[in-house]
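77 is the number of the first residue of the sequence shown in the working numbering; add one for each residue after it.
Honestly, the hints are just simulated from the structure, not real lab data. Mixed in with the good hints there might be a few duds.
In the EDC-like style, the derived pairs of lysine to aspartate or glutamate whose C-alpha atoms are separated by at most 16 Å in a straight line are [to be verified]:
{"id": "1", "residue 1": "196", "residue 2": "171"}
{"id": "2", "residue 1": "291", "residue 2": "353"}
{"id": "3", "residue 1": "200", "residue 2": "83"}
{"id": "4", "residue 1": "216", "residue 2": "236"}
{"id": "5", "residue 1": "125", "residue 2": "165"}
{"id": "6", "residue 1": "291", "residue 2": "386"}
{"id": "7", "residue 1": "196", "residue 2": "220"}
{"id": "8", "residue 1": "200", "residue 2": "186"}
Computed spacing ranges between beta-carbons, pair by pair [claimed, not checked]:
{"id": "9", "residue 1": "329", "residue 2": "397", "range": "25 to 35 Å"}
{"id": "10", "residue 1": "180", "residue 2": "237", "range": "15 to 25 Å"}
{"id": "11", "residue 1": "363", "residue 2": "140", "range": "15 to 25 Å"}
{"id": "12", "residue 1": "169", "residue 2": "140", "range": "17 to 27 Å"}
All C-beta atoms, glycine included, are put in the ideal place defined by N, C-alpha and C.
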Amino acid sequence: MKTKLTEMLNIKYPIICGGMMRLAYPPLCAAISNAGGLGNLTSAMYENKADFKAAIREVKQLTDKPFIVNVTLLPSIGVPPERYKAYFEAIAEEEVAALELSGTPLHRYEGGVYFELLKKAGVKIFHKVGSVRHGKSAQKAGYDGVFAAGVEEGGHPLNENVATTVLTPRMVEELDIPVITTGGIASGVGLAAALCLGAEGVMMATRFINTHECKVHQNVYEEMIKRQENETTLYGNSIGLQGRALVNDSIRKVIEIEANGGGLDEIIPHIAGALGDEIWQEGNLNTGLVAVGQTIGLVHDVVSCQELLDQMVKEAEVALSRGLSMARAE
């Protein structure tokens, strides 16, 4: 399954793992890359350059395949500018294949010095965007591609709330650089749909939680299978940072606070990253921020990364062949 994305990054399948805080550690990253996709190492889990570089090198020990690093460049409590500097320097020095950049455009951050640093190091830079105008800006600035992030995604979809099935073809209409669909993708038919809409590949995260290589509590696997597509919700518009997360006690409280005019100080204790270990390692999904997308309704089992990617591509090829056959019949 060759596309501009697979050729650019020298990967077998046009499937990328998105950033996953407290989940996308080296073993999962390497497993996805070894399975033919592009694994993700999420930078925010590391507090200094030495630890981050050690994680990058651990991935390299586990796979000789390319992988991507996520940096979420958002206004953040507890992430000082010097840490972002450490992330970008480490990515360049280790010559990581690609960067998934979310939030503030890198070419505008600190005068674009890190954008130029990464370009000179040969790192392919992709910006995750939720609107055509942001996609155009990324293309003009020299990004290698964009992730077209629909409102279905977990994490922080743009508050314009455009669905993947509209955003992807609009991006393709307006841009010349590769467009990769993210949000609403968790299966082979979703991959086929994205390719039919003009995307060069897909990025997904929620579906990778229910893989054997994603080391979470058994309760997490079971809850992911149990929950349905209507059990996530948008939050955070009142503080200028929209997010999508699983509906649980914490998110219900956040929505209540927002409805009553409460601010960031009241909201933060319910979505703080410090609750991550309780969620993923202790299996308590009723507390804290569980940033999953609507594709949770498409998660039905726990498989290996290899099984997941092979099955997705097989399903996509069948769906695309069926569509071609129907077109020829007409």
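Structure-based check of each hint:
The hinted pair formed by residue 196 and residue 171 meets the criterion: a straight-line CA distance of about 10 Å does not exceed 16 Å. Taken as a hint, the residue 291 and residue 353 pair is honoured in the structure, with Cα atoms around 11 Å apart against an allowance of 16 Å. A threshold of 16 Å between alpha carbons decides the hint, and for residue 200 with residue 83 the separation of about 12 Å falls inside it, so the pair holds. The hinted pair formed by residue 216 and residue 236 fails the criterion: a straight-line CA distance of about 22 Å is larger than 16 Å.
Taking the CA atoms of residue 125 and residue 165, the gap is about 8 Å. The hint holds against a cut of 16 Å. About 21 Å separates the Cα atoms of residue 291 and residue 386, which puts this hinted pair outside 16 Å; it is violated. Distance restraint check for residue 196 and residue 220: the Cα-Cα separation of roughly 13 Å lies within the 16 Å cut-off, and the hinted pair is therefore satisfied. Among the hinted pairs, residue 200 with residue 186 is inconsistent with the structure: their alpha-carbon atoms are about 19 Å apart, more than 16 Å.
Judged by the Cβ atoms, the range 25 to 35 Å given for residue 329 and residue 397 is violated: they are separated by roughly 48 Å. In this structure, residue 180 and residue 237 meet the distance hint of 15 to 25 Å, their C-beta atoms being roughly 21 Å apart. Evaluation of the 15 to 25 Å hint for residue 363 and residue 140 yields a failure: the beta carbon distance comes to about 39 Å. Between residue 169 and residue 140 the C-beta distance comes to about 19 Å, which sits within the given range of 17 to 27 Å.
When the structure is compared with the earlier hints, violations turn up for hints 4, 6, 8, 9, 11 and for no others.
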